[in-house]
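Each protein sequence line maps, in turn, to chains A and B.
Numbered according to the numbering used here, the first sequence terminates at residue 334, and the numbering increases by one at each position without gaps.
Numbered according to the numbering used here, the second sequence terminates at residue 1324, and the numbering increases by one at each position without gaps.
Honestly, I wouldn't trust all of these hints.
[To be verified] Straight-line distance between alpha carbons at most 16 Å, and here's what the computed EDC-like set of lysine to aspartate or glutamate pairs gives: (1) Lys1266(B) <-> Asp135(A); (2) Lys207(A) <-> Asp105(A); (3) Lys64(A) <-> Asp105(A); (4) Lys207(A) <-> Asp229(A); (5) Lys1266(B) <-> Asp205(A).
[What the hints assert, rightly or not] Every beta carbon over 10 Å from chain B, so not counted as near; a handful from chain A, in silico: (6) Arg68; (7) Asp83; (8) Leu92; (9) Leu94; (10) Ser162; (11) Pro291.
Simulated from the structure, these hints should not be mistaken for laboratory data.
Even for Gly, the Cβ is constructed at its ideal location relative to N, Cα and C.
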Amino acid sequence: MTQPPAADDLLNVVGVSKIYVTGQSVLRRGTMLRALHDVSFNVQTGETLGIVGESGCGKTTLGKIIVRLLRPNTGRVLWMGRDLTAMAGEELRLVRRDLQFIFQDPQTALNPRMTVGEIIAEPLRVLRPDLKPRDRMQRTLDMMAAVNLLPDHAGRFPHEFSGGQAQRIGIARALITGPQMIVCDEPVSALDLSVQAQILNLLQDVKDKLGLTLIVISHNLNVVRHIADRVLVLYLGQVMEIASVQALRSRPLHPYTSLLLSAAPVPDPRLSQLTEQDWFDTELPSPLDMPTGCPFHTRCAYATDRCRLERPQPEIVPGHGQVSCHNWRSIEMA
Amino acid sequence: MPRIMSVENLSVRFASRSGQIEVVKDLNFDLWTGQVLGLVGESGSGKTQAFLAIMGLLARNGRAEGRALLGDVDLLQLKPRALNRMRGREIAMVFQDTAAALNPTLRIGIQMAEVLALHHAVPLPQAELAAIDMLDMVGISDPERRARCYPHELSGGMRQRVLIGMALMCRPKVLIADEATASLDATVQAQILTLFKTVCDRLGTALVLITHDLSLAASIADRMMVMYAGQAVEIATTDALFHDPRHPYTRGLLASTPAATVTRGKLYTIPGPPPRLLEGERGCRFNPRCPHRAAHCVELAPILRPVALDHQVACHFDIGGASQ
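So here's chain A without its partners, still in its complex pose:
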């Protein structure tokens, strides 16, 4: 079972599944792609939750479901105890002020025909129609200052900005409604190294200053380990492990987490063990042709018959988090 919801949870994701139908036409029934399968977790107020996984594991779909850019097929998303998936109209609009999203590719996430000032102010126009234009302007300038953009940038267009600055614009836009939680989908993966550091610091700064709750989605384990308190590991749409960053560093419990950790390159040649590993030659199975049982069994060195047949349920490990693996105890012994 997963951790039951607690009083200071800001967000509860309960049994969320999402199915896409691909290749459907008048003549064809299409194929089911199970992007997320029975995903549950909780996010506490003020924490930073990292979500990691390889491409196609459902990270972005999950992020979009959390902010109601997508709806799950089954399951619920509770925002402060209220079901986000069932909301509509004014109620949803009020929640959208509290729940914002930062996109992966900062340049394409900005409308090229709007000025930076208009882009940053737009959420206010939509979500805070009660504000006077002058207040809107003032808040926009305040927010630009908060992310280190200059006031005269407001009249310029997105193409005049570098990737890092464009991401600052995206962050300002997400912050302007005064949200409680921001979901960041690969916030730095499109940026150069020295700029990544600036944006990571900025996210940490605004989080501390404004008391935000963050969800940071990334394929880069180093980034997530740097910024997150807890990490959720997704594989083929299913939660493999949820663990605190400290626990993850000392002993990952799920074999997939161990694989991910050893695959992440470390910025120190003396610590690198990349080329000493015996890498499994098998690749990620297609989500169109999902393995039965545990989704990871096709690449797992410890797979048993049970893994091939029976999907492991999440098991709470005190002081660690949770793990979905039939054999984690015996693996840990080994």
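Assemble the complex: chain A is given as a structure, and chain B must be docked to it using the hints.
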């Protein structure tokens, strides 16, 4: 260990409306048999353009100067026909976008075989057998069947293996991998890096790993070259570069890399924007962002000089050193 290639005073200029842009300036380095050179730099540092110039693949408004000696042949002086004979045979390149680099209408076995057929006049059926052997070597299971696949039937990681295999068909002396693993997942990336290492060990290929990711280079490179604004600012063994970096830019890059060992806390950031590359600017190109800037840094461009065995730095100062 024999030296395979030496690049001398390589400069690349582009004509643009705002004047000549010098994207690579006075680059000097050597490649050695079986060694991996990690070439790191941020976008616009000239790391890709330097090797496009060496491969004769610059855009039309680009001009390359200097020498790129592969054995005793200067690649920069070759006529297109002669260059075509070298490319693919002596020196090959692998790019990031695997889907764009393969012909979508040809089965991969044929595409790979073509390389041998063109360069060594091997009859196609025989070349196809060689292609299957190569697929096996780059770690593709069931190579006979995969050889009959079209590119879209393979995953990104498998396509990258095919491209690496294709690049190796003629056993080139030099293989250039330009962000070749950037679009791949962590576990697949690890597989490809391991494959690179195996190839260098087994075939004696000199590999140039062009990347913006220091950690990635750390895992397989023997030597490293750090570029900033078109210039090499530091060349060293990988161990020295990570444990005894001497250039302020290298130190800044390392400090701004999120590492597994330290969580939280502020990452170091290099202040200021990357430079504009117009010609005729004096001084060190890093000086506006440098914490150690002195008066002469603005006036005089530093040249690459040895500071230790197999360790060169382009800086007026000798900052750091392991003792500090």
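Against the structure, the hints:
The straight-line distance between the Cα atoms of lysine 1266(B) and aspartate 135(A) is roughly 33 Å, outside the 16 Å bound, and the hint therefore fails. A threshold of 16 Å between alpha carbons decides the hint, and for lysine 207(A) with aspartate 105(A) the separation of about 21 Å lies outside it, so the pair is violated. Distance hint between lysine 64(A) and aspartate 105(A) is fulfilled; the C-alpha atoms sit about 15 Å from each other, no more than 16 Å. Of the supplied pair hints, the one linking lysine 207(A) and aspartate 229(A) holds, its CA atoms being roughly 13 Å apart against a limit of 16 Å.
Only pairs whose Cα atoms come within 16 Å are accepted, and lysine 1266(B) paired with aspartate 205(A) is accepted, the gap being roughly 9 Å. Every CB of chain B is more than 10 Å from the CB of arginine 68(A) (nearest about 28 Å), matching its label as outside the interface. Listed as a non-interface residue, aspartate 83(A) keeps its Cβ farther than 10 Å from every Cβ of chain B; the least gap is roughly 34 Å. With a minimum CB-CB distance of about 34 Å to chain B, leucine 92(A) clears the 10 Å threshold, and the non-interface call stands.
Look at leucine 94(A): its CB is around 33 Å from the nearest CB on chain B, clear of 10 Å, so calling it non-interface holds up. The non-interface label for serine 162(A) is inconsistent with chain B: the shortest C-beta to C-beta separation is roughly 7 Å, within 10 Å. Every CB of chain B is more than 10 Å from the CB of proline 291(A) (nearest about 16 Å), matching its label as outside the interface.
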